[in-house]
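Participant: Put together the whole structure using the sequences plus the hints.
Here is what each chain is made of, one letter per residue.
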Amino acid sequence: MSKKAVKKPPPRKRRSRKTPILIGVAVLAVVALVALLTTVSGSGDANIKQTRSVKITGQALPLYQSGTADPAVGMPAPEITGATFDGTPLSITNDGTPKAIILLAHWCPHCQTEVEELTPYIKANGIPEGVEVFSISTSVNAAKPNYPPSKWLADWPVPTIADNSNSSSARAFGLSGFPFVVFVGADGKVVGRNEGDMPPETLYKILEQLAGR
Amino acid sequence: MNPAFVNRFFGLITLLIIVVDIGLVVLLLGRRRSALLQSASDRLDDLFGGSTLWIASAIALGATVGSLFYSEVIGFNPCHLCWYQRIVWYPLVVVLPIAAHRKDTRISTYTLPVVAIGWGIAAYQYTLQNFPSLDTGVCNPDAPCTLRWVWELGFISIPMMSLAGLTLVGLLLLWARTSTRQEHE
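In the order they appear, the protein sequences are chains R and X.
Those letters in the first sequence? Residues 1 to 213, per this note's numbering, in order.
Those letters in the second sequence? Residues 1001 to 1185, per this note's numbering, in order.
Do not take every clue at face value.
[What the hints assert, rightly or not] Computed from the model, here is a short list of chain X residues facing chain R with C-beta under 10 Å:
no., residue
1, A1004
2, F1010
3, F1048
4, G1050
5, S1051
6, G1075
7, I1087
8, D1135
9, T1136
10, G1137
11, V1138
12, P1141
13, W1149
[As the list claims (entries may be wrong)] Interface residues of chain R toward chain X, partial, derived using beta-carbon atoms under 10 Å:
no., residue
14, P109
15, K144
16, L175
17, E195
18, G196
19, M198
Simulated from the structure, these hints should not be mistaken for laboratory data.
We treat Cβ as the ideally placed atom computed from N, Cα and C, and that holds for glycine.
Facilitator: Below is the structure:
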């Protein structure tokens, strides 16, 4: 009987530990190069400013706390004198007309949804007679998503004041979360505040109540 | 440093990691059934087998440096879900290199559950980012969990980076474990 010599396969040799390091460094270098080549810097319109100075008169409202009785109800609402993104003067004053003031942040997903839902609704239904609706673009941060707010709100049919870089208007209204709505009665006093998503139908019901219907 | 470049860089790295994740899942699940996959698995083992835990350590270090860079240099405020993920990532930077140095693949017994918890939190946050209506409906002015600080290539956010990285660390730990078993067999 002839026995064939069975050759054992040579044990697999593992490569040097340097190989994965070299591969890793090469991959990182290629990725960094691709990232550099594909990074496009944005450009802005010099006439449009994302924040503008605002003048606030009156007492600031206390910070809103959801789930508790709002201490701001019955307090006179602060008045804001400022401008839109393009510099057109715009003020929110206690002029005898009930109003809703919507505070928005460009980076907030819930504000984005709110604007997305309200824009066609307002365009289709208009604003109920006897009330006014304003918005304030605040908490602006160029490092955060969906910047600049002027571009985001270009199609937004509500007159909008650009808050200053310190978000003074948001602070004056006692904002605690976005989106934030302050309802002001004809007497200039706060009727209620709300933070978070609000369906257009709900907002309109409140506006109609404010208008006395 | 330009945040757009940093986002793109981390986005591309994440894309690469996702591709590797998918490849490793295919290899780990299919190598016992397919000779081709077994051969590919052996080749990979030749190339990286001795360094699996070191690679996992490098990923943990990259994730830690990346998260600190985003919060401390670029200025992205970490939300509470980000913090829970940090609690998972940061100890791995210490534990994994020690295990790699000692060639202790039993580390997977202790680290895989931790990685799985981090994975779950990252997956939850990524879901919230895609469906903000699942959240309370309110954005925290300081650090909302639903905020997409980064949104590269149409789907890569910071939680997705964390998700992909934790997946790879988990797969590498499994790889190291099964690779050692095969060597002993």
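Participant: Run every hint past the structure and note whether it holds.
Facilitator: The hints, checked one at a time:
Hint status for X/A1004 relative to chain R: holds, with the closest Cβ pair at about 5 Å, below 10 Å. Because the smallest distance between the Cβ of X/F1010 and any Cβ of chain R comes to about 8 Å, under 10 Å, the interface hint for this residue holds. The beta carbon of X/F1048 is positioned within 10 Å of a beta carbon in chain R (closest approach about 5 Å), and the interface hint is therefore held. Because the closest C-beta pair between X/G1050 and chain R is about 5 Å apart, less than 10 Å, the hint holds.
Hint status for X/S1051 relative to chain R: holds, with the closest Cβ pair at about 4 Å, below 10 Å. A distance limit of 10 Å between C-beta atoms decides the matter here; for X/G1075 the minimum to chain R is near 6 Å, and the interface restraint holds. Proximity of X/I1087 to chain R is violated relative to the hint, the smallest CB-CB distance being about 25 Å (cut-off 10 Å). The interface hint given for X/D1135 holds, since its Cβ lies 8 Å from the closest Cβ of chain R, which is under the 10 Å cut-off.
For X/T1136, the shortest C-beta to C-beta distance to chain R is roughly 7 Å, which falls under 10 Å, so the interface hint holds. For X/G1137, the interface hint holds, the least distance from its beta-carbon to any beta-carbon of chain R being 4 Å, beneath 10 Å. Interface hint at X/V1138: satisfied, since its Cβ lies 4 Å from the closest Cβ of chain R, which is below the 10 Å cut-off. Hint on X/P1141 holds. Least Cβ distance to chain R is approximately 6 Å, under the 10 Å limit.
With a cut of 10 Å, the hint placing X/W1149 at the interface with chain R holds, because the nearest CB-to-CB distance is about 7 Å. For the restraint placing R/P109 at the interface with chain X, the shortest Cβ-Cβ distance is roughly 4 Å, inside the 10 Å limit, so the hint holds. Hint status for R/K144: holds, given a least beta-carbon distance of 7 Å to chain X, under 10 Å. At its closest, the beta carbon of R/L175 sits 7 Å from a beta carbon of chain X; the interface hint therefore holds under the 10 Å criterion.
The criterion of a C-beta within 10 Å of any C-beta in chain X is met by R/E195, whose closest approach is roughly 5 Å, and the hint holds. A cut of 10 Å between beta carbons decides the hint on R/G196: the least distance to chain X is about 4 Å, and the hint holds. Contact between R/M198 and chain X, as hinted, is supported at the beta carbon level, the nearest pair being about 9 Å apart and thus within 10 Å.
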